[in-house]
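On the provided structure of chain W, position chain D as indicated by the hints.
Chain order of the listed sequences is W and D.
All residue numbers in the first sequence are consecutive under the working numbering, ending with 467.
All residue numbers in the second sequence are consecutive under the working numbering, ending with 1467.
In short, the hints are calculated from the structure, not lab data.
Any given hint could be a false lead.
[Claimed, not checked] When the alpha-carbon atoms are kept at most 30 Å apart in a straight line, the in silico DSSO-like pairs for lysine-lysine are as follows:
| hint | chain 1 | residue 1 | chain 2 | residue 2 |
| --- | --- | --- | --- | --- |
| 1 | W | K405 | D | K1023 |
| 2 | D | K1023 | D | K1052 |
| 3 | D | K1230 | W | K23 |
| 4 | W | K23 | W | K52 |
2 protein chains.
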Amino acid sequence: MRAESLGRLFSPRSVAVIGASQKVDSAGHDYVRALREFNFEGAVYPINPRAKEIAGYRAYPSLEDTGASVDLVICCIPANNVPDVVEACGDTGVPFLHIFSGRLSETGGTEAVALEATIEASARTRGVRLLGPNGLGIYHPAGRIAFRPDLPRASGSVAFLSQSGNNAVEVVIRGSARGLRFSKVANYGNGLDLTPGELLAWLADDSETAVIGAYIEGLADGRGFYEGLKKAASRKPVFIQKAGRSEEGAIAAASHTAALAGESAIWSSMLRQAGAMEAHSQEQLLDLMVAGSLLARPQGRRIAVAGGGGGRSVQSADACASQGLTLPPLSPDVTEYVTEHAPNLANWVRNPVDQSILAGSGLSANAILAKMASSGTYDVGIANVGEEWFLGRPNAGARLRHACKRLRETIATSPIPIAIILGATELSTEWQRQLIDSVRDEFIESELAVFPTIERAAFALGRLAPQ
Amino acid sequence: MRAESLGRLFSPRSVAVIGASQKVDSAGHDYVRALREFNFEGAVYPINPRAKEIAGYRAYPSLEDTGASVDLVICCIPANNVPDVVEACGDTGVPFLHIFSGRLSETGGTEAVALEATIEASARTRGVRLLGPNGLGIYHPAGRIAFRPDLPRASGSVAFLSQSGNNAVEVVIRGSARGLRFSKVANYGNGLDLTPGELLAWLADDSETAVIGAYIEGLADGRGFYEGLKKAASRKPVFIQKAGRSEEGAIAAASHTAALAGESAIWSSMLRQAGAMEAHSQEQLLDLMVAGSLLARPQGRRIAVAGGGGGRSVQSADACASQGLTLPPLSPDVTEYVTEHAPNLANWVRNPVDQSILAGSGLSANAILAKMASSGTYDVGIANVGEEWFLGRPNAGARLRHACKRLRETIATSPIPIAIILGATELSTEWQRQLIDSVRDEFIESELAVFPTIERAAFALGRLAPQ
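This is chain W alone, in the form it adopts within the complex (with noise of 0.2 Å):
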């Protein structure tokens, strides 16, 4: 473990780029074009021996030719030059080394496999450490450092691992639709020095992160991933999705980041054991980095749903008790709130409750999720917006911003975590994908938690909440 160094990987003073490119469309040109559009504040270091500038910045020939000390140098050049970059960088004092590029050990080739351990010993020997290769590198907004220009500026809690580089940025961008924010994501691809393992421990100590979220495919280091799992997870939520569990996503995990993927079963038993939450997919590791980030940990497994109509009420009862997410009734001074304002309805109204039973009753099912919240019977909430009825009425735009508006109101008063129900925009109609967007906009921007279906929140919420 030398994690205690990895400060300069993430938060660089000056950073190098071999194989700068003036083609837009290429990756010697993104990472430039990334670092001029994150307006970052330190020395930037185009190398390319036949261009004057890139992207606004002076070019080098070479990494020498700066004259400089460079505290990340990333490489876009063949495989077949990396070599020769890692010994720039021992004869120039790089502390980090980014190999963005691939066709290593990945390919299954001889040769590759070859270069590759050529690579790592070379690198070993000169004390400089590798992220990748095969890997888009670092996305770091605090630090003003991303692997793609177009990725969102705000940063926050949300720290990011993941072995392949198009998931990396999948999770990234929806993740942030989603109301993430990030500090540090690392893609490094076939892990050859800088491990996961590695990244988690380091991850632990990291002051700006609080949530942790990464995706696996295979390890090369067992141990040493668990010793670094162990550690982030006794400090922060740590949610895993462990890829290629089957035979055939092993083989293709295998010829894509040459990474030996485990049995299923291990790796469940072994993420457990280190405190760990596993996903089974992509989405369920978005649902539970949206509900570890943004809402307080549930100190329990009693639930409170409201909204939606009577169909809404029984699938919602079905997916939290699938979850184990127990569904006590309405608590004494619930049912006496509902009895004073619609007596007929007092035994009626029951938890999950049924907005549609409330037409005409003065009550809402937002009003009672309020009681509930603050009752003491209840340790988590689900609010189901139910936006197809909004739909369906006149001024369908201003009732259901009204209603959400409610229901941010209730949430930010309510002293238990209260996630939202607001399905994807699977509509036919412009008008109506815009207004269901930009409700969840006002929520993301309010820092709330929305899940598209009630099986989702229910999952994420029967993993956070105690067992």
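The following block gives chain D in isolation, referenced to the frame of chain W:
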């Protein structure tokens, strides 16, 4: 079974709405307006003693005052007055009465239960068939009748039955956005007279209907349901979501539609025995209906997967394997094709086909998928669009549209069914949302099956493929 006679329920020649209203935000208005907006071709009689005209139709003080022969009466007045309506229907020879009115047995109140029994007995004596109470009734776009004015006009071959009203609306709205076109939809509520069993038996013979979905909470008549289901499932794919599976859900169901929810395991084995396929959530039900309606049924369990990066490939393999689908390696003709075009990829490209390793080779995942589809080695295919990659490239829109056009061409000539994976618009920026929505709309207009995640597609295909 009196199933032979339900034609006039879905295709009435004349409709009267008792409790028709000029108040735009009321059910009594919506039913009349829906007939107007759907261009219902028969006679419409709004019944309201205090109105002269409703939604452009002349209003009548009573059913008798119309002096007409009415095929379907929709009743929106309070439950206490429903017995008079039943009587009037009997007196004027109305064959079908849809009772929207609720607050009957679903409240659990003694008087309400008794009132419902009175209504049933009276209707039976007078030969009036009842749909409901406590249900939205009929959506039959080809017959130009709908329980909400804002539902899609397009008609198709998917029938849907729902105990819950809001759930019926959700399935119609969400399903339509995914390309489902409906033949006949019925929300039967308490199912007092017309039961899901009888409706299923009738839909079995309905030439307009090719695929049937149903959302069931509980049943009064288990035997009749089984018989109707068995008949329907012997002729068409039938997908059933049984809600109220948990004890908590059964309690919620009881307070909602007065139906006894059975035990989960008994239900599952009953559905299997009847030849139906089971969904455990609305999402799964929609996915099955999309696959059943928009894809030819796979002839086996061998799947070809292509597109997306390495992470997506690994996750695809896991998802397919977990649903019992097999991933045969590339067949010799496909390997030959790859070797011809890109010798250095020959031993690296596998099934699933990782798009990211093809970069610069001149080969596309789409072209390889087309070869796989016609190789005789696979029964069904999945194409991962991998849209997040495009979003970061220059000319993202044009490139994504081009790739999707090629994919549509591949599917159009493919001898095996191919499902498309295109994510939900969990995106932060408006242009990205609009781009993905418009690409999806083009797939939907081509009547293709689109799933938001690989896991959901694999689930649906795994259920539809022969065991």
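Each hint, compared with the structure:
| no. | hint | in the structure |
| --- | --- | --- |
| 1 | W/K405 - D/K1023 | 26 Å, holds |
| 2 | D/K1023 - D/K1052 | 13 Å, holds |
| 3 | D/K1230 - W/K23 | 63 Å, violated |
| 4 | W/K23 - W/K52 | 13 Å, holds |
When the structure is compared with the earlier hints, a violation turns up for hint 3 alone.
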